[in-house]
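Peer 1: Below are the chains, spelled out letter by letter.
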Amino acid sequence: MNQILEQISICIQKGKVDSKMAYPPEMKGMPGADELTKAALDEGFSANDILSGALIHGMGIVGDLFREKRLFVPQVLMSAMAMKAAMVHLKPFFSSGELKQKGTFIIGTVAGDLHDIGKNLTAMMIEGAGWRVIDLGTDVKTERFLEVLNENGNAVVGLSALLTTTMEQMERSVKAIREHFPENRIVVGGAPVNSEFAKRIGASLYAPNPQVAVEYINSI
Amino acid sequence: MTPRERVNIAMSLSKPDKVPLMCQFSIGAMMQQLKPSPALFWYDGRVFADGLVALCERFGFDGILVSLHGHGDRWREGLMEIKDIDEGKQELIYGNRREIHSWSDLPMVKFNSANISREISSVDVEREIPSHIDYIPVSQDLRFHLHKSNMFGIFSYLRGIVGGKYSIHGEITSPFDYFLDFMGYENALVSLIIDPQKCKDILERFTKGICLLASDMCDEDIDAVKISSPFAGMGFISPEHYEEFVLPYESRIIEAIKDKGKRVYIHTCGHIGDRLELMQKSGASGLECLDPEPVGNVDLKDAFNRIGDSMFIKGNIDSVNTLLYADENKARADVLKILETGKQGNGFILSTACSIAPMVCSDRILMLRELTDRFGLY
Ligand code: B12
Numbered sequence: 044m045n046q047i048l049e050q051i052s053i054c055i056q057k058g059k060v061d062s063k064m065a066y067p068p069e070m071k072g073m074p075g076a077d078e079l080t081k082a083a084l085d086e087g088f089s090a091n092d093i094l095s096g097a098l099i100h101g102m103g104i105v106g107d108l109f110r111e112k113r114l115f116v117p118q119v120l121m122s123a124m125a126m127k128a129a130m131v132h133l134k135p136f137f138s139s140g141e142l143k144q145k146g147t148f149i150i151g152t153v154a155g156d157l158h159d160i161g162k163n164l165t166a167m168m169i170e171g172a173g174w175r176v177i178d179l180g181t182d183v184k185t186e187r188f189l190e191v192l193n194e195n196g197n198a199v200v201g202l203s204a205l206l207t208t209t210m211e212q213m214e215r216s217v218k219a220i221r222e223h224f225p226e227n228r229i230v231v232g233g234a235p236v237n238s239e240f241a242k243r244i245g246a247s248l249y250a251p252n253p254q255v256a257v258e259y260i261n262s263i
Numbered sequence: 199m200t201p202r203e204r205v206n207i208a209m210s211l212s213k214p215d216k217v218p219l220m221c222q223f224s225i226g227a228m229m230q231q232l233k234p235s236p237a238l239f240w241y242d243g244r245v246f247a248d249g250l251v252a253l254c255e256r257f258g259f260d261g262i263l264v265s266l267h268g269h270g271d272r273w274r275e276g277l278m279e280i281k282d283i284d285e286g287k288q289e290l291i292y293g294n295r296r297e298i299h300s301w302s303d304l305p306m307v308k309f310n311s312a313n314i315s316r317e318i319s320s321v322d323v324e325r326e327i328p329s330h331i332d333y334i335p336v337s338q339d340l341r342f343h344l345h346k347s348n349m350f351g352i353f354s355y356l357r358g359i360v361g362g363k364y365s366i367h368g369e370i371t372s373p374f375d376y377f378l379d380f381m382g383y384e385n386a387l388v389s390l391i392i393d394p395q396k397c398k399d400i401l402e403r404f405t406k407g408i409c410l411l412a413s414d415m416c417d418e419d420i421d422a423v424k425i426s427s428p429f430a431g432m433g434f435i436s437p438e439h440y441e442e443f444v445l446p447y448e449s450r451i452i453e454a455i456k457d458k459g460k461r462v463y464i465h466t467c468g469h470i471g472d473r474l475e476l477m478q479k480s481g482a483s484g485l486e487c488l489d490p491e492p493v494g495n496v497d498l499k500d501a502f503n504r505i506g507d508s509m510f511i512k513g514n515i516d517s518v519n520t521l522l523y524a525d526e527n528k529a530r531a532d533v534l535k536i537l538e539t540g541k542q543g544n545g546f547i548l549s550t551a552c553s554i555a556p557m558v559c560s561d562r563i564l565m566l567r568e569l570t571d572r573f574g575l576y
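Those protein sequences? They're chains Z and D, same order as listed. With the working numbering applied, the first sequence covers 44 to 263. With the working numbering applied, the second sequence covers 199 to 576.
Because the hints were derived from the structure by calculation, they are not lab data. Worth double-checking, as some hints may not be accurate.
Taking CB as the label site, the calculated pair distances span [stated by the list, open to error]: (1) R110(Z) - E402(D): 28 to 38 angstroms; (2) F137(Z) - N503(D): 46 to 56 angstroms; (3) E475(D) - E226(Z): 43 to 53 angstroms; (4) C559(D) - N91(Z): 29 to 39 angstroms; (5) S262(Z) - R325(D): 48 to 58 angstroms; (6) D414(D) - N261(Z): 52 to 62 angstroms; (7) E190(Z) - S210(D): 51 to 61 angstroms; (8) R110(Z) - E475(D): 41 to 51 angstroms; (9) V131(Z) - A312(D): 19 to 29 angstroms; (10) L476(D) - E226(Z): 46 to 56 angstroms; (11) K134(Z) - A312(D): 52 to 62 angstroms; (12) S62(Z) - V323(D): 22 to 32 angstroms; (13) C559(D) - E190(Z): 29 to 39 angstroms.
Here a beta-carbon is modelled for each residue, glycine too, at the ideal position from N, C-alpha and C.
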C-alpha cells in the first residue's frame, strides 16, 4: 500500500482525528486523518483510492479487533470520529457521482426499545465499510421501516433489539418487512437475539457484531 | 435460621443451613407479577415497598433489594394530565415531557426537545456536578428524583412490615454511571480518551456525593448495599479503562460502606471475565451477576477459584435463556448445576445474574425456591 494511504489507515485504526488531537499519545502533534486525507487528494490520489484503500481498510481492521475484544467502545468511537473527519474531504466526490456508496443500509432499534449504543456502533462500522446508512434511531415502529424501504428500494435493513420484550416486536417488524419486501435482506442483532431466533422470524442473518454484518452485506 | 441470617452468613463467606435465594426483579417483572397502577408503583414509595414485600413472600426469597428510595411528591408538580391508555398503560403529560408507564417495562420518557449532548471541555465541574446527589440515573432520560425529606423512609417502612425476618439491601449507582448519564453515553466514552483528567474531575465530584449518600444509607437497618455499575464490563471499556475510571472511585464508596459495618457488592452485567481480579481489588464483599455465556462470559467454578477466597458470589442464572426460553428440563438442569457449583464455594447466594426479565412466569421463579429447598442444603 502507498505510504500516505497506509498512514491514513493507521489514523483510522488508532483514532487519530487531526493534528490538534493529543490522542493517541504516540502520535501527538502528527497529522491525523483530516490533514492526511486532504494531502492525499492534493497529491493526486483518487477519492476512490482513499476511500477503499485507506478508510474502509482501516475501519475493517477496527471491526476485527472489536470483534476479538481487543478494542473497546471508546476506541471504536474515536476511529469513527477519524473516519468522519476524513469523509468531509470526500463528500464533494459523492455529490459529483465520482464516488459511489456500495448500497443503502437502513438501521433502527425496534419499537419499545431505547437501547442504541450497539446499534450506533453498527451504523458507524457499516458506514465505515462504504455504505450509505439511514439511521432511524430508537423505538422505531414497523410502519416507519416500511415507509423508508418504500423510498429506498434495494436497501438492506438492520434491526436491533436488546430486550426480550421487544424481540416480539422485532418478529412483527421482520414479518411485515418480509411480506411487503420479500426480496430485501434483513439483518438482526442485539444481545438476546441468536441465529435460531433470526431464522425463525425470517431474517436473512443474525450478526453477533457489526463486522459479521459488514462481511455479509459486502458479499451480497 | 431466619432468611436474614441465611443471607448474612453467606455474605460473611460461610455456609448457612442452605443456599440463600434472593433475585432482583426488573421493574417490568415486578409489574407483570403485581399488575399495579404503573405510575403509582413507580412514584409512590408505599405502593412500591408493599410490592417488594409481596414478591419476596410469594416466591420465598431470603432478602429484598430496594432499588429505589427517596420517594416523594415532586412528580405531581407540573403534571397536567394522567391518561389511561390501555390496560396497564398510563401516560403522564407534563409541560416539557411525556412519560409512558406500563406493566412491561420501566417508564419511557420523551422530552419535547431532545437533550443536547455535552462537550467535555464546556463542563464546569464545580458548578454543574452536584456535591449532593438528589437523583438516580435509572435509564435514558429517566432520572428518579430523591426527596431529601424522605431519603431512606422506605427502609424503616419495610422493616416495620417484615421485622427482622428478611435481609434488606439498599442500592446506589456507580459514579461511572452518573458520569455517562450526565454526558450522554457516547460522548462520555469518547471523553475518556480525549480528556481523561476532566473525566476524573467529574468522577471525583460524583464520588464525593455518592459516598455521602451510601454512608447515610448505612445508618438504616440494612445488611448490604449493592453498587449498580452496568457500564463497567467488557461490552464497553477495556480493563485499563476500568482500572483508571471505575476502580478508584468505586473503591472509595466501598470503603465508606464498610466503615459503617455493612457489606457491599458490585453489580456489573455482561462480560466481565477479564476483570474479576480487578473487581476484587475494589475491596467489595461480593460480586453480583456473573452472567454466563452467551450474555456474559463467566464460568461460576472459575470465578470461585479466582476470587472466592475474599468475595461472596450472588447470581449466575441466565434470566433469559434459562428462565424465560428454556424448556422445563433445561431450566431445571441449568439451575441445579449452578446450585451444585455454588455450594462448593464459600459465600454463595443463588440469584438471577441480572434482574429477572419482565416476561418470566411465576412458575419458573417458584422453581428456584423448590430446587433450593431440595438440593441447596449444606
Ligand atoms: C446500557 C444498557 C442500558 C441503557 C441503554 C443506553 C442506550 N442508549 O443504549 C439504559 C440504562 C437506558 C437501559 C435501559 C433498560 N435496560 Co438495559 N442494558 C444495558 C446494558 C448494560 C448494555 C447494553 C449495551 O449497550 N451493550 C454494549 C453494546 C456495544 O452491545 P450490544 O448492544 O449488544 O450491541 C452489539 C451487538 O449486539 C451488535 N448489535 C446490536 N444491535 C445490532 C443491530 C444490527 C443490525 C447488527 C448487525 C448488530 C447489532 O453490535 C453491537 C456491537 O458489537 C445491557 C446488559 C448487557 N450486558 O447487554 C442491559 C440490558 C440489555 N437491559 C436490560 C433491561 C431489562 C433494561 C430496562 C428494561 C431496565 C431494567 N433493568 O429494568 C431498560 C429498558 C429501556 C427500554 N425500553 O429500552 C436487560 C434486558 C433483559 C432482557 N433480555 O429482556 C439487559 C440485558 C440487562 C439485564 N440482564 O437485565 N439499559
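Peer 1: When the structure is checked against the list of hints, which entries are broken? Sort them ascending.
Peer 2: 4, 8 and 11
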